[in-house]
Amino acid sequence: MARPGAEHRHDLETIDLYINVGPQHPATHGVFRMILTVNGELVEDCEPVLGYMHRGNEKLPENCDYRQAIGYHDRTDYLAQFNTEWTYCLAVEKLMGLEVPERAEYIRVILGELNRVASHLMWAGAFGTDVGFFGTPFMYAFREREVIQDFFEAVTGERMMYNYFRPGGVAWDVPDDFQEHARYVIDHVRRGIDDLDALMTDNEVFLARCRGLSPVTPEQAINWGLSGPMLRACGVKHDLRRAEPYSIYDRFDFEIPVGTEGDVYDRYLVRMEEMRQSLRIVEQALKQMPKNGPIMASGLKRVLRPPPGEVYARTESPRGEYGVYIVSRGGDKPWRHKVRGASFCNLSPLREMVVGNYVADAIIILGSIDIVLCEVDR
Amino acid sequence: MSPFLAEWWDLRDLGNLVGAILEWISERGAPDWVTYVLSGIVGIVAVLLWAILSQLAFIWIERRVLGRMQVRLGPNRVGPWGILQPLADALKVLAKEMVTPRNADRVLYWLAPILVVVPAILVLAVFPFSPGMVVADLNVGVLYIVAVTSTATIAVFMAGWSSSNKYSLLGAMRSVAMLISYEVVQVLALLAVPVFTGSMRLGDVVAWQDNYNAWLVFLQPLGLLAFIIASAVEVNRSPSDIAEAESEIVAGYHTEYGGIRWGMFQLAEYVAGFAVAATIVTLWLGGWTLWGLEEWVPGWLIFLAKLYGTFFLFIWMRGTLPRIRIDQLMGFAWKFLLPLMLLNVLLAGLEKVVWTETGASAGLVLPAFAVLNFALTAALIVGWGAIAGGLSPRMRAKRPLLVREVGGIYYQPLP
Chain Z
1 MARPGAEHRH DLETIDLYIN VGPQHPATHG VFRMILTVNG ELVEDCEPVL GYMHRGNEKL
61 PENCDYRQAI GYHDRTDYLA QFNTEWTYCL AVEKLMGLEV PERAEYIRVI LGELNRVASH
121 LMWAGAFGTD VGFFGTPFMY AFREREVIQD FFEAVTGERM MYNYFRPGGV AWDVPDDFQE
181 HARYVIDHVR RGIDDLDALM TDNEVFLARC RGLSPVTPEQ AINWGLSGPM LRACGVKHDL
241 RRAEPYSIYD RFDFEIPVGT EGDVYDRYLV RMEEMRQSLR IVEQALKQMP KNGPIMASGL
301 KRVLRPPPGE VYARTESPRG EYGVYIVSRG GDKPWRHKVR GASFCNLSPL REMVVGNYVA
361 DAIIILGSID IVLCEVDR
Chain F
1 MSPFLAEWWD LRDLGNLVGA ILEWISERGA PDWVTYVLSG IVGIVAVLLW AILSQLAFIW
61 IERRVLGRMQ VRLGPNRVGP WGILQPLADA LKVLAKEMVT PRNADRVLYW LAPILVVVPA
121 ILVLAVFPFS PGMVVADLNV GVLYIVAVTS TATIAVFMAG WSSSNKYSLL GAMRSVAMLI
181 SYEVVQVLAL LAVPVFTGSM RLGDVVAWQD NYNAWLVFLQ PLGLLAFIIA SAVEVNRSPS
241 DIAEAESEIV AGYHTEYGGI RWGMFQLAEY VAGFAVAATI VTLWLGGWTL WGLEEWVPGW
301 LIFLAKLYGT FFLFIWMRGT LPRIRIDQLM GFAWKFLLPL MLLNVLLAGL EKVVWTETGA
361 SAGLVLPAFA VLNFALTAAL IVGWGAIAGG LSPRMRAKRP LLVREVGGIY YQPLP
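Those sequence lines, one after another, are chains Z and F. Here the first sequence is numbered in my numbering, starting from 1 and rising by one per residue. Here the second sequence is numbered in my numbering, starting from 1 and rising by one per residue.
Note that these hints are calculated values from the structure, not bench results. Some hints here could point you the wrong way.
Unchecked claim - Computed beta-carbon distance windows for the label pairs: (1) K335(F) with L17(Z): 24 to 30 Å; (2) D202(Z) with G349(F): 55 to 61 Å; (3) D327(F) with T217(Z): 34 to 40 Å; (4) L313(F) with D195(Z): 50 to 56 Å; (5) R191(Z) with Y308(F): 30 to 36 Å; (6) L73(F) with D45(Z): 43 to 49 Å; (7) E146(Z) with G198(F): 38 to 44 Å.
Said to hold, decoys possible - Computed cross-link-like contacts, SDA-like style, restricted to lysine to any residue with a CA-CA straight-line distance of at most 20 Å: (8) K398(F) with A198(Z); (9) K166(F) with P26(Z); (10) K301(Z) with T260(Z); (11) K398(F) with L213(Z); (12) K166(F) with P23(Z); (13) K166(F) with R329(Z); (14) K335(F) with I228(F); (15) K94(Z) with D250(Z); (16) K166(F) with N203(Z); (17) K398(F) with N203(Z).
Claimed, not checked - Listing some non-contacts, in silico: residues in chain Z with all C-beta distances to chain F over 10 Å: (18) R67; (19) R191; (20) D239; (21) R251.
From a predicted model like this one, the values you see are computed outputs, not experimental measurements. We put the CB at the ideal spot given by N, CA and C, even for glycine.
I would like the entire structure built from these sequences, with the hints used as guidance.
This is the structure we're talking about:
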């Protein structure tokens with residue numbers, strides 16, 4: 001994987017130059033830190049340092065009621081809050097054997113898929129800045145993300161920590177203009193994605209920077225435990241929404257974008273296409289969604305007390321497989337609560353991907369992983 | 001139009017006004033050296049004032065234009081349309097504390113921001129804003145531009161080295177590497193102009209273009225393209241702002257600088273930007289001439305309009321292009337631009353020889369050269385790009401594969 005010249009050593013006695021990237025650095029997307037050992041411009045070693053954002057997000061829910069723990073999942077992956085809430089609710093529902101009403105499932109799909117678009121938009125903007133755009137894709141992406149945020153605010157009353165999904169359904173019904181508002185969002189965002197596409201995909205400098213950078217083979221990807229767009233970019237046809245359709249994903253017609261070479265450019269292409277497919281799913285869900293009906297499973301107690309047992313639920317979050325593992329001993333609190341963070345697992349092979357590349361490329365590779373530090377450190 | 005012919009109120013040449021004042025002084029019995037020194041001081045002050053004021057204006061323009069490109073507003077609070085924002089920023093920068101890192105090499109650290117501004121301002125001395133409106137009418141103007149601008153490299157390296165910061169050091173290393181590479185390209189691109197026009201004096205080059213009614217952009221498009229690219233590198237602007245790459249090495253060589261010292265680096269960057277824009281306008285875009293319009297509009301206004309228009313190009317590039325990696329940038333200079341520029345010089349020389357030997361009339365030979373050079377430029381860029389292939393990315397689909405069922409692997413790496 002190393003580029004030619006990476007092994008080059010002088011006969012002169014030299015000392016290694018360490019470059020500290022982070023925790024406060026324009027390119028680290030939060031408080032991630034990596035210590036690069038460089039030889040000139042080439043990275044010879046990379047040591048990631050995690051944990052600046054550790055808040056005990058796995059332990060805290062063990063002291064909470066089952067519904068209180070939803071808020072902690074919002075704060076785990078703060079760019080895909082609906083997806084994380086959804087996973088947790090799926091786990092509790094599986095544990096209790098709850099049946100979620102039809103209408104609630106559609107609301108969840110619509111919000112979850114739009115959240116995927118918002119998350120990918122955020123990624124595309126930040127990645128553009130990593131590659132060296134002077135903020136143009138960032139602003140393009142944020143314009144569209146703002147429209148989605150407004151929609152979420154109209155539905156949930158919050159712009160960031162929605163706390164809207166509940167085990168058994170959703171907290172309250174959607175506003176009356178839900179359908180029209182969602183259609184407006186789809187139209188707006190679709191045009192915005194085309195704008196981003198026109199700005200970045202064919203840009204000659206962008207191509208020169210991203211193509212062929214840090215290619216990952218499917219074998220490596222599977223061994224390293226990559227998931228989500230990182231895995232699909234390597235050519236592995238895997239998507240939890242198709243492989244084990246949770247919720248009502250078996251009812252929608254959508255396609256899974258798969259890369260061919262596993263390089264940074266493929267990761268970009270896969271994410272851009274995923275946004276379009278997500279919008280397709282939202283459109284179908286809006287059409288199929290029942291006009292009215294219950295949004296919450298009936299007969300739920302004020303305090304949930306699932307039967308003893310253990311359960312693992314996983315969903316396809318924007319960053320990959322987000323899993324929640326709960327062990328219940330029958331009380332009103334989970335006895336053990338564990339989260340599998342997608343971007344934590346995607347981040348783990350950072351050293352293998354970065355070593356042998358240029359310092360400038362190390363930033364791009366880190367950006368292409370799409371990490372959310374709250375989820376990595378939890 | 002020749003200088004000092006009109007009345008003092010003839011604003012087509014601001015030199016008239018200065019000349020009138022100096023004449024008035026010498027009539028009062030001042031010795032010659034007084035008027036000589038005074039005329040120099042007036043020129044220097046005028047150019048400095050222009051550089052700083054138009055930098056303030058241009059920061060505002062750049063921020064507004066970038067805001068427009070990025071679907072946001074840009075500065076809009078201080079003064080009407082935010083026009084006083086750069087002034088407010090300048091005052092803020094002046095009032096800020098200047099911190100020196102403990103391990104810094106104090107002398108170099110203090111000296112670097114001063115030295116970086118000097119060449120940027122010095123180079124403005126040779127540009128003819130309008131006929132006769134030039135601070136120092138050197139007969140080696142083109143050489144002077146190259147010589148003076150290249151010294152900025154030393155100041156940049158001093159800043160990076162003395163800061164005792166690794167980001168600064170990396171930025172300085174990058175800066176020196178690319179400035180030296182692109183200096184060669186820049187010199188060769190400039191060289192073709194004196195070869196063809198027969199003079200290094202900038203005023204003469206403009207007069208040549210005026211005389212033959214042919215801007216050199218039509219005769220040497222390849223040189224202009226290469227010069228624009230090399231200048232973007234030289235003045236550290238996107239897509240080649242790798243010396244201060246924000247997302248990689250924080251702010252490059254001026255990471256540790258704050259307050260007015262940082263402001264000096266900004267000033268130098270902008271003034272150097274004006275200088276390259278002025279070079280482009282003077283040598284390739286006909287300077288103060290605009291097909292007869294200079295008879296009615298002051299030449300210096302035409303010159304400034306062209307200069308700002310050229311500078312706009314750099315803003316545009318900044319708004320739409322990402323950053324190139326250092327090895328790609330260096331490879332581009334040595335493998336692509338340098339051979340083309342050598343050919344360009346050769347071509348200019350050959351054309352000059354053909355022109356003088358055959359004694360053909362300019363009206364016949366210049367359009368022929370223009371057509372020939374445009375064709376050759378296109379052919380060389382495409383052809384050499386294909387030959388030097390390593391630089392051009394491999395062709396590949398710009399869309400991912402879409403599948404409907406999961407399971408299995410689709411992996412087809414190209415050889």
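We went through each hint and held it up to the structure:
1. K335(F) with L17(Z): 24 to 30 Å: Once the Cβ atoms are compared, 28 Å apart, the range 24 to 30 Å for L17(Z) and K335(F) holds.
2. D202(Z) with G349(F): 55 to 61 Å: violated (38 Å)
3. D327(F) with T217(Z): 34 to 40 Å: This hint is violated: roughly 24 Å between Cβ atoms.
4. L313(F) with D195(Z): 50 to 56 Å: For D195(Z) against L313(F), whose Cβ atoms are near 22 Å apart, the range 50 to 56 Å is violated.
5. R191(Z) with Y308(F): 30 to 36 Å: Taking Cβ atoms as reference, R191(Z) and Y308(F) lie about 33 Å apart, which means the hint holds.
6. L73(F) with D45(Z): 43 to 49 Å: holds (44 Å)
7. E146(Z) with G198(F): 38 to 44 Å: Because 59 Å falls outside the window, the suggested range is violated.
8. K398(F) with A198(Z): holds (11 Å)
9. K166(F) with P26(Z): holds (15 Å)
10. K301(Z) with T260(Z): Violated: K301(Z) and T260(Z) sit about 50 Å apart, past 20 Å.
11. K398(F) with L213(Z): Given pair K398(F), L213(Z) holds - Cα atoms ~16 Å apart, limit 20 Å.
12. K166(F) with P23(Z): Since the Cα atoms of K166(F) and P23(Z) sit roughly 16 Å apart, the hinted pair holds (cutoff 20 Å).
13. K166(F) with R329(Z): Distance ~54 Å between K166(F) and R329(Z) Cα, so the pair is violated.
14. K335(F) with I228(F): Measuring from Cα to Cα gives roughly 17 Å; hence the hint holds.
15. K94(Z) with D250(Z): holds (18 Å)
16. K166(F) with N203(Z): violated (31 Å)
17. K398(F) with N203(Z): Answer holds: K398(F) to N203(Z) is near 11 Å, not above 20 Å.
18. R67: holds (33 Å)
19. R191: holds (12 Å)
20. D239: violated (6 Å)
21. R251: holds (14 Å)
In this structure, the hints that do not hold are numbers 2, 3, 4, 7, 10, 13, 16, 20, in rising order.
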